[in-house]
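Undergrad: Protein chains in written order, with our numbering: chain A, 1 to 302; chain B, 1 to 302; chain C, 1 to 302; chain D, 1 to 302; chain E, 1 to 302; chain F, 1 to 302.
Careful: at least some of the hints might be erroneous.
Since copy identity is lost for identical chains, a pair holds within one copy or between any two.
With a straight-line Cα cutoff of 27 Å, these simulated BS3-like cross-link-like pairs (lysine-lysine) come out [unchecked claim]:
id	residue 1	residue 2
1	233	168
2	268	246
3	246	74
4	233	46
5	169	74
6	46	168
Please keep in mind that the hints were generated in silico from the structure rather than gathered at the bench. From a predicted model like this one, the values you see are computed outputs, not experimental measurements.
6 protein chains.
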Amino acid sequence: MRNDNLTRTYMPRHRALARAAAAYQPAEHASASSALSEALAQYYIKQEPYYRLINDEVELYEAAYSVRMPIMLKGPTGCGKTRFVEYMAWKLGKPLITVACNEDMTASDLVGRYLLDASGTRWQDGPLTVAARHGAICYLDEVVEARQDTTVVIHPLTDARRMLPLEKKGEVVEAHPDFQLVISYNPGYQSLMKDLKQSTKQRFGALDFNYPEHAVEAEIVAYESGVSLEIAKNLVHIGERARNLKGHGLDEGLSTRMLIYAGSLISKGVSPLAACRVALVRPITDDPDMRDALDSAVTTYF
Amino acid sequence: MRNDNLTRTYMPRHRALARAAAAYQPAEHASASSALSEALAQYYIKQEPYYRLINDEVELYEAAYSVRMPIMLKGPTGCGKTRFVEYMAWKLGKPLITVACNEDMTASDLVGRYLLDASGTRWQDGPLTVAARHGAICYLDEVVEARQDTTVVIHPLTDARRMLPLEKKGEVVEAHPDFQLVISYNPGYQSLMKDLKQSTKQRFGALDFNYPEHAVEAEIVAYESGVSLEIAKNLVHIGERARNLKGHGLDEGLSTRMLIYAGSLISKGVSPLAACRVALVRPITDDPDMRDALDSAVTTYF
Amino acid sequence: MRNDNLTRTYMPRHRALARAAAAYQPAEHASASSALSEALAQYYIKQEPYYRLINDEVELYEAAYSVRMPIMLKGPTGCGKTRFVEYMAWKLGKPLITVACNEDMTASDLVGRYLLDASGTRWQDGPLTVAARHGAICYLDEVVEARQDTTVVIHPLTDARRMLPLEKKGEVVEAHPDFQLVISYNPGYQSLMKDLKQSTKQRFGALDFNYPEHAVEAEIVAYESGVSLEIAKNLVHIGERARNLKGHGLDEGLSTRMLIYAGSLISKGVSPLAACRVALVRPITDDPDMRDALDSAVTTYF
Amino acid sequence: MRNDNLTRTYMPRHRALARAAAAYQPAEHASASSALSEALAQYYIKQEPYYRLINDEVELYEAAYSVRMPIMLKGPTGCGKTRFVEYMAWKLGKPLITVACNEDMTASDLVGRYLLDASGTRWQDGPLTVAARHGAICYLDEVVEARQDTTVVIHPLTDARRMLPLEKKGEVVEAHPDFQLVISYNPGYQSLMKDLKQSTKQRFGALDFNYPEHAVEAEIVAYESGVSLEIAKNLVHIGERARNLKGHGLDEGLSTRMLIYAGSLISKGVSPLAACRVALVRPITDDPDMRDALDSAVTTYF
Amino acid sequence: MRNDNLTRTYMPRHRALARAAAAYQPAEHASASSALSEALAQYYIKQEPYYRLINDEVELYEAAYSVRMPIMLKGPTGCGKTRFVEYMAWKLGKPLITVACNEDMTASDLVGRYLLDASGTRWQDGPLTVAARHGAICYLDEVVEARQDTTVVIHPLTDARRMLPLEKKGEVVEAHPDFQLVISYNPGYQSLMKDLKQSTKQRFGALDFNYPEHAVEAEIVAYESGVSLEIAKNLVHIGERARNLKGHGLDEGLSTRMLIYAGSLISKGVSPLAACRVALVRPITDDPDMRDALDSAVTTYF
Amino acid sequence: MRNDNLTRTYMPRHRALARAAAAYQPAEHASASSALSEALAQYYIKQEPYYRLINDEVELYEAAYSVRMPIMLKGPTGCGKTRFVEYMAWKLGKPLITVACNEDMTASDLVGRYLLDASGTRWQDGPLTVAARHGAICYLDEVVEARQDTTVVIHPLTDARRMLPLEKKGEVVEAHPDFQLVISYNPGYQSLMKDLKQSTKQRFGALDFNYPEHAVEAEIVAYESGVSLEIAKNLVHIGERARNLKGHGLDEGLSTRMLIYAGSLISKGVSPLAACRVALVRPITDDPDMRDALDSAVTTYF
């Protein structure tokens, strides 16, 4: 039960949001903000991305964003996590800064570093700092690939403090009220050696993603590749066959993205058999038996 | 038994405190101290943080601070250790510098380094040096994650000498009389490979933390998330169920912070079931059986 | 089935192609483009490379290029993958930038870095950025040898976004409409430790390569080395014998390139036996039994 | 048997001492030595440190110093090794430079490095070089933690040559006649992976340290913490109980330093039970059984 | 069979040779070439190295050089591989740049790097680039010791392209028509962890080397050390005895180079027994039994 | 048998010596050589080091130096290898540059590197280059500790070429005719992981060292420490007892250096028992049984 003397007590997340909003709102209409706007301009999604709603994920994300809860998107490769974030950024009208994480990425790659200039060193904000300072959604793709210092650096941004200490610069950035952190995570991938620490996981709400159901996926494939719905349905059938082989010789099933690739070749005049060979079968396995199984799945439908 | 000729003998900790106090107190009223004050200004906790007293931890901390004993806060993720330090810093009226430790952090990240400037190299104090020099409480969060050089660097600050040698600069910083070092430590986490050295542990007094008892935790959840006390109590029931699963399929229980997340979504109009799914269940496990167990715990209370 | 309101919706790959084309086409006829053209000039294949068509690989590649699908060339060492890319670049009239990947290559080696200049730091595009910015085919040879950050850096260039974030520079490069990414991959090589991630593999269409069949390979050897077709056929016979030993004491068979080497020595007057010893047998094995087996294969044909 | 023609033969250690003394003594009375004196001034121990003599360790150290034999102090954590060196430095009237070694420390951290200045690079002596050049006692605390290059770098300073080659600077520093090297070493710690090389050990004389006997330790605790001798004796009893548990569940016993910590809290008004819990029990173990055993030891005496 | 329209088709190796020759030949007579000549001057072998022909290796090397085939010299330590390359470089009148490879060598050590100059950064060619640009034979000694990036960097120089991309400089160096790459390789050494990749091996022709037969080796030892042929023969007998022990307690046999060392001592007046002890037995083994076996071999002949 | 036309053929080692001598001898009498002389001045051994001849090692070393054969000194810690090199350098009148090798030393530490100066980068010769360029004996102490690149870098200096390529500087240094390379090696130390490569070992003649026999060692101890010969003999007896324990609980025996340490304390008035405890027993073992065994050996003789 919330009591009345809210403003006199300590509610850091709400306060941080309010304080930052006060500080930034005038600036956004002033001339000094033009450089700022420019920096972010390239990160706005200018047109509505094609996104096919699956469930209540849009609604849940909007609620999470309204309290700026950090969000973790869980699901397999190529099922639409990146597209979903782009869609939400467009819907909310916020800039989106995407960082593909990898094991050689350092905290400095996220936070920023000093560069040597004609007049000495100059600080340059990293993508996470740009997002926190100017109010973008920051999307860390496959965050589990990154080194631990990269994941620990996000902690103070994901709890009540909503701040980012730039230790090398001696500055503490208070997150802009529009800032939100989103990460993606593929549960099928994680090994014992490489997993998010519990103290990181507990800082995020989580949304599950998976390949869409048959009719929806066919609609997506048809729309994105330009093939007829009938051909798209056949491609989805092949995809489903392959997904059933996951764990029985295939590390991962065929993604929606791969089905779209195959459709694109077909719509360019390539024969369906050749298109499926190039875009679906050859990329994911070199095992002769698996290739036979997948090739025969292809010939069943084309 | 303390004898009378105290001032003529060697009591380094007390002496260091006294000497440093003498050196700093005038400066604090002089104009030259304005830059100093400015550097620290951003580290003061301006308003009383919401902290619900559990036991005698505030009293013990005050006694420890009065002799500037270094303190180690032990306890699981998200149980309120960071909030407690913020509260004590506010109560004692001291600035607080927090550093989230990680395995790629070097001693230089704590102590400082030379930067290249228009006019050559310039020394920049790291957060630990700023705290020691100007008299802040320095809080090293999850210090066990840091590399050994980071933990050894704090040794001379934690025994009778209370000094910090900046070897690269050729300076020995005597700690400001207000300086105190605080570290956090999660006993459930430590592996054989990663633990504090005994010679480090023995330099700290220790306070234990854990999740608060039912009624207190419900009060906290209601206060911080804005839900009714009744809903908060249900969330705490769910949290307790999950904590009982720790070691039987869950690596760690649900933290108070996660319960507040769920409450925040509910107070934004999300249905309790969806809110718990997003904020409690999905983030901590991908195991279908565990998810079922947790989901049924949720439906029991909502 | 593609609908009509295409231009009002979100089809990033097509859009990115169109937008970039609009931006670049005028520039290509302007004077400002001369520096650009110069930078790329050295990457054009000036004369038709000798390439002997095996199957429908040219046709498939052209279809893939028409939708700018990223392509993975699979096959053993020295079977003509590099020559094929050179031929396609010549046929399509596009510049080709080749990068030989290795395990010490960093993402910066691909993307670019700041260099220190008389007037401070200056950004220098890496080969991948040059290709993406100015519209070349970028060929990453033996990409699996590279460190993970090198492979992750290509992700945003290989999905619908077709963009390359230069995080250190704070710039997002939209790929030129002519840009395409090609990688090579030797399936016989990959160990458990070193393989492409599934999330990388799924971003590419794949074409299989192998040593050509007898008559075709003899034609190639004769053409490239200058020996008679008869001698070339004998060399190919020896090559086929050696390929049958693969897995029975030889790690890999004799490549077409090695047969051409042997032919070159013969056409310079070296005796066939000595030429085969130097160019075929000695390089691939130090095992006495294997050497005997191969030497006797040589004496069978010469 | 020493012969008479000593000065005509080669006795490097004695010679080095004599030569260096001749070179430095005038300088110490000249004006040019003021900068030098200043650099060392901060390293003098200004007042007699409290040190309770245990055995003949002071006498032995003085003899070792008189021939400048390098000394190794062996003993467990917190038993007074650092205090002893401070006491000896005070007694001998020599400056003391202490370096806390760690596994990330490099030889350059000890010896010095080039820094970039407004007018190019400038050499800066490291702590070992400062000590060798100007005649301080250099104390390398827990030297076994350092990397091998750090331990090898001290070799030419610890044999007859008494010199320190600064290879990066192209200078050979002859040690000042007052210079002596002291290292500490905790035998209970060393693993197979981390031990001093025999060729390093053989360069040092060794003094053993341990916790003082009951009456002496109580006197120290009372003196340093300000509690009555009676309370101090009880604290020492608890300490002895804990030391008996070493190897039976405790990695290391309670150090004298910890007993002083507990005493300090008691003299600030904290109840003895709480003080012992915070300062003795909680820091060294998280095992419930061990905590019970230690807690009951506490309640026996308070 | 080579066809007539050679000049209109694609024969990269021949073309690259021709094109580069055209570009460089004028330059070699121009004044601008003096700096170039100077750079290479120190790499010419000014006098005929003593080389004792063993087989047809000179003839085969000349044929390989005539088509600029990259060459791999295989054989044990100290059997004359380096001397052979020096002899061939002298015979062909080409400069020779030798690089002793090691596991800490980077691709930059071979290819070149930017250096910081008074006027900013300046590119400096590495030895491989100097050789490729100006037309030297580049000899990479014990190439298998180098890191993989060092071996992959030579790939584009060893196939039909004959080019060296300087990725950091954004330049593609076309190899000078005189350039040839030679590597050495000791088959007895290679472990599973350290071997050339098949895709590297297949780019080289290979010549085998071994210790010369008795009479030839004695002649070499006598010539190089200045001892009589009789003594030389005895030294060779001892060498042969030791080589028979290879694999039965000795890792490697005695090299010709060691026999020459022993001979040199003898020709300086050292007794043969002492010379053999110092130059042959003591260096290669510390095993008492092995030393006895070798010592008795020595006493048999002297 | 050496033939007459020596000067017209290729004898690189002799030639290199002659050529370099011709180049340097005038310079040594010119004014330009003063800077050079100065650089080396600090490396001359000014007075005869005390060295007690054991066998024919001086004679053998002189013969080896006369042909500039690289020499490896083998033997345990503290038996006099370093003193022997100092003695030989004094006897031959050559400067001596000693480098204590360690596993973090890089090739650049030996060879040299670019430093950043007020006017850009400036090359600074490393100790090996100084020795090779100006004609010193270069002594690499415990070379097996160094990384492989450090050992490979010495190869071209140790065969007939006698040259040192400074690859980063693009210069090839021809060794001065006075230059010789000496390394030390402790056979008892080497593990499988850390040993000299055969191709390195074969480039050196080897001299064996060990602790001297009883009477000689006593003479040395008396001379160096100032105790009577009787006491020295007792110390040597203790040393011999300890050496018999090597392999039965002690990793290495007591070195002559340690006996001198003990003698030094005794000659300063410390009781023999205490002196032996400090200087002999405590440094080499922490095992109580070993300490008892050694202590009783001490009491037997004092």
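Undergrad: List in ascending order the numbers of the hints, as given earlier, that are violated by the structure.
TA: Going through the list in order, the structure violates hints 1, 2, 4, 5 and respects the others.
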